[in-house]
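Take the given structure of chain C and dock chains E and L to it, following the hints.
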Amino acid sequence: MARIGVFVCHCGENIGRTVDCAAVAETLAGHPGVAHAEDYKYMCSDPGQALIKRAIIDKRLTGVVVAACSPHMHEKTFRRAASQAGLNPFMCEMANIREHCSWIHEDRDAATAKAIDTARTIVEKVKHNEPLQTIHIPVTKRALVIGGGIAGIQAALDIADGGHEVVLVEKDPSIGGHMAQLSETFPTLDCSQCILTPRMVEAYQHPNIKLMTWSEVEAVDGYIGNFTVTVRKKARSVDADVCNGCGDCLAACPNRRTPSEFDAGLGTRSAIYVPFPQAVPNTPVIDRANCGRFKAIAKGIKKEVCGKCAEACLKGAIDFTQQDELVTEEVGAIVVATGYQLYSIGRAQPEGLTGYGEYGYGEIPDVIDGLQFERLASASGPTAGELRRPSDGKVPQTVVFVHCVGSRDPEKGMAYCSKICCMYNAKHAMLYRHKVHDGRAVLFYMDVRAAGKGYDEFTRRAVEEDGAEYLRGRVSRLYRDGDVIKVVGYDTLAHEPVEIDADMVVLATAIRPQPGIKQLAQTLSVSYDEHGFINEAHPKLRPVETNTAGVYVAGACQAPRDIPDSVAMASAAAAKVLGLFSVAELEREPAVAAVNETTCVGCLTCQRVCPYGAVEAKEIRDRDGNVVRTVASINPGVCQGCGTCQAVCMSKSIELATFTDAEMYSEIEALAFWP
Amino acid sequence: MTEPHDLTTEAPEATTGAPGAAREAAPDRYPETGAPDETGDLHGVARHVLAKGEADVVIGWEEGRRGVRPAFVTTPDDVERLVFDTRCVHNLATYLNPRRRQVAALGRPAVVIKGCDAKAVAGLLREAQLSRDQVVLIGVRCGGVLEVAELDEPADLTPETVSPRCYRCDNREPHLVDYLVGDPQAEPPRPPKTVDERVAELEDAPVAERWHFWVEEFSRCVRCYACREVCPLCICERCVADKSVPQWIDAASHPRGNLSWNLTRALHLAGRCVECGECERACPSGLPLMLLNRKLAQAVRQRFDYVAGDDPEVPAPVGDYRLDDAEEFIR
Amino acid sequence: MSGDGHADEFEPRITAFVCNWCTYTGADLAGTSRLHMASNVRIIRVPCTGRIDPLFIVKAFERGADGVIVSGCHPADCHYTAGNYHARRRFALFRELAAFVGIDPGRMTFSWVSASEGAKWRDVVNDTVARVRALGPFDEYRRLVDLPDASGESYATIEGLLGRTAP
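Residue numbers (my numbering), protein chains in the order written: chain C, 5 to 679; chain E, 107 to 437; chain L, 5 to 171.
This is chain C alone, in the form it adopts within the complex (with noise of 0.2 Å):
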């Protein structure tokens, strides 16, 4: 038999000055299974916690339910109370009495009505409810970070400094990532591998990160705490022990017009190859869809054909025999940190993207694109760091820069801002004029984003200081002319159409996240959204964290970042991930949704609508060993409780702890009392 305790605060004026709380209490006190009621000024206060206590102690309570403020305000002051009193803290719930009540009426008795409707409510849930006890999750220290640019370093780097193992995944043969083929950097004008290598050195040194290079995540159980993650190593063909980076592979090679991707294309590379110089790990990687001999073994010709490589390598650590690998890490966090790409506006384009045909990118030899910018400029790019245009060597005279290629462009690109362009763009402009003092940089605007600590004064240096002449307006088309490029625009501000002869055009095209990603967020079970940018799990409060518990994000990832912000997240990140592994085990509230297995059909509708991925097919077996029947089974590491698995089972067969149908059932019946 229930035995509740009824408290009515009067919250000093707030609610006694509407609600009759003396009333309220008088009314509860003969409700059925009620056993205590009283009001009292403060019930938060001290005396009023201690009025609790000592009624849940004398009157024997099972249950207690608060008539004050919202739940939201002092539910855990009063479930803590009613804990000390060595009452179960699930059985202490609040009746709202002042924000949903006497703060919004002003009718003394409509109020004292509705306040004692409202307590009765949530006597009749907590006649129902059930003791709960926190649910203990372990915690595996050691974190996955996929993504090893500049963001996955940092958070590996961070995660490792505070003591915990870090598996640091990066699916191209080197990390560094975009940052690896920038020249400078805004708005300090570094070197950017200047400041980015001793960082991958240092990655790789680190006795608590375990690197991962040329390896991609294929598969990921279990939830926060306790993930086990299946990561593929795609072969190599070099084995990593032996090889030792002498480099004399990659000279004996006869293919050496593979287009580099670390040059963005500008530059060749031979099939075995390092991306860059200062690669990390400095071990080459056989490109087997460029390579002569693997090009001959997919056509099934016998013969061995080529191996050059092999007899160049006096440590014999070519092994065209390798196979991928799958490896399988516990992790108990992961941080997703895979980065952009460019939107590569000239070639066919997926999702029903259009492009910009009109640019001529890919027809024009002399059109590029930011990245390949940064390599002209970059001292270990394909020019050496002299700024010749690609199509003949020439030194451009007059470079036009485009803004926004594809971003803020709902109707061909994207709706958004790819926020880092205005500052690179103004970069180039400074680049480009510091290597050749008499020519003319041209940028086309839509305005000038600029916002950061030294970022305005950045982009007026490239004005004020090196001349730079923005023009604001769009780009409508870019055509060949002989020699030169005509750009086509439009003024804005002058209100005029100009045509400019360029000897060479850089568009600053979208920042969309890496391929793959969609895929990849499918086996993390995290959100994305519409252009695949992995969702924060709250865009101002949580801005790090994704839906899925255990789960943070990092850079460009989430959306278009800048180095700065790409670091500031990827520290955040470590510091929740230091902060989860910093406790011996998780406390999670009760509130998780179970399954009845003895109703439970199996038709795993609740597994279709589970947000978190927190439910899973469960094969009941008898004494054989012989599967019976499948059900649903869900992990109470993972459930969030939403409740929305409770609402579509037809047969009723989850209860949502702390909400179950009993209690809702007991509230709306509750309300059929009404006078």
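Don't take each hint at face value.
Pairs of lysine-lysine, DSS-like flavour, derived with a Cα cap of 25 Å [said to hold, decoys possible]:
id : chain 1 : residue 1 : chain 2 : residue 2
1  : C       : 423       : C       : 398
2  : C       : 439       : C       : 398
3  : C       : 522       : C       : 423
4  : L       : 124       : C       : 544
5  : C       : 622       : E       : 349
6  : C       : 80        : C       : 175
Not close to chain E: a few residues of chain L, all C-beta gaps over 10 Å, as computed [what the hints assert, rightly or not]:
id : residue
7  : 13
8  : 24
9  : 36
10 : 37
11 : 40
12 : 123
13 : 130
14 : 134
15 : 141
These are computed hints drawn from the structure, not numbers from a lab.
C-beta: ideal position from N, C-alpha, C; glycine also.
Coordinates of chains E and L only, in the frame set by chain C:
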């Protein structure tokens, strides 16, 4: 009802499953092609699957005392009992429902299915109540069935005798089959009043009249649950109507529980119902349950672009969502 | 019951099912902002609109509610990512079915009220109360369930149910 959804509708032309999920050519084990010679007709196929041990029992129809009745044929010699004609209204897919353990005891089944029955099989597959390799599906081409089928002889379909639910059937030739028998069938005749027209008539009536209509209908419900028992897609072992703690649906045959029950039954089948009409046929009180089913099927199609089909790979609309689902009713 | 002071005006009983994260918090904000509103609504808190079974609404009517409000997070704002999308489909169908069997859609309000929309919550409450007041007491349902109607009469016969004999 609320604009902008056009609710006066008729079944679409030959679309099944979600539009866009257009079915490719024939399924793997498609009929006539590659099937043995003796499988040209229902008897031949039945004999074949029993003789070759593809199935232990063929579930079909046979002559009964009043019209046809379900038949369970376990030996090749018995296949001559099987019939298929316009009286074969029963949805035999219901025997594949795991709740019918007594049928499972007969062994591995082969089931004769019409187009609507195939949709029910797809529903069972979709909801993991059945696995495709557990069952042999013998599809029959169907040109509609009778509304009143308790006849000694098969009868031709006329506008007056055809079951209105067959009008504009989009699955006269089931796709989800291992064998397909019978000749291609013409479209069933148009009944004097289609189900859509009856739904529309009710919808045009004032809300109070609709209430009176349904209260009167539901007042005759005796809560025998024949509708549930016959339904191939009522898969719950323990129906919500039989749950007593808490008792959401009053168990007594009283108007209050009758309304809750009938609303719940229809809602639980929303987006799942294949409109085979078995609930209405089984109802001893003659409740027009197909009107509820049809109303929801219309809503599901207009809102979620979904029509129940016999492709089990197309997900059901409830349990799914689209970011741009219509929400004109939400403030 | 309401603070409006019209003594003999019908005061509808309205049950509201609101999600914990958006609408409940929005209603809290209405309180902290002292936005006065009709007192006819009784709130039942659920974690998410995804938790709400149409049977809740049916049961509320069965227990004498004249109107029901279901309110949760705006699309894309769901605390649980997608509960409201599932709820949207579920209630789209329920509302059409309920209307089809003669439950006036005016007795049901579905709304998205965010944690920052205290004023919208007030408007949802006031508008629903006004609309249901205009529709009058849901006596048809009360007759159905054998509850006495506003005049204290009970109708356990089919004639009573259908309102064919004057009470």
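Hints and how they fare:
| no. | hint | verdict |
| --- | --- | --- |
| 1 | C/423 x C/398 | 31 Å, violated |
| 2 | C/439 x C/398 | 13 Å, holds |
| 3 | C/522 x C/423 | 22 Å, holds |
| 4 | L/124 x C/544 | 22 Å, holds |
| 5 | C/622 x E/349 | 24 Å, holds |
| 6 | C/80 x C/175 | 46 Å, violated |
| 7 | 13 | 22 Å, holds |
| 8 | 24 | 19 Å, holds |
| 9 | 36 | 22 Å, holds |
| 10 | 37 | 20 Å, holds |
| 11 | 40 | 20 Å, holds |
| 12 | 123 | 13 Å, holds |
| 13 | 130 | 12 Å, holds |
| 14 | 134 | 14 Å, holds |
| 15 | 141 | 14 Å, holds |
Figure legend: structure checked against the earlier numbered hints; hints not met, in rising order: 1 and 6.
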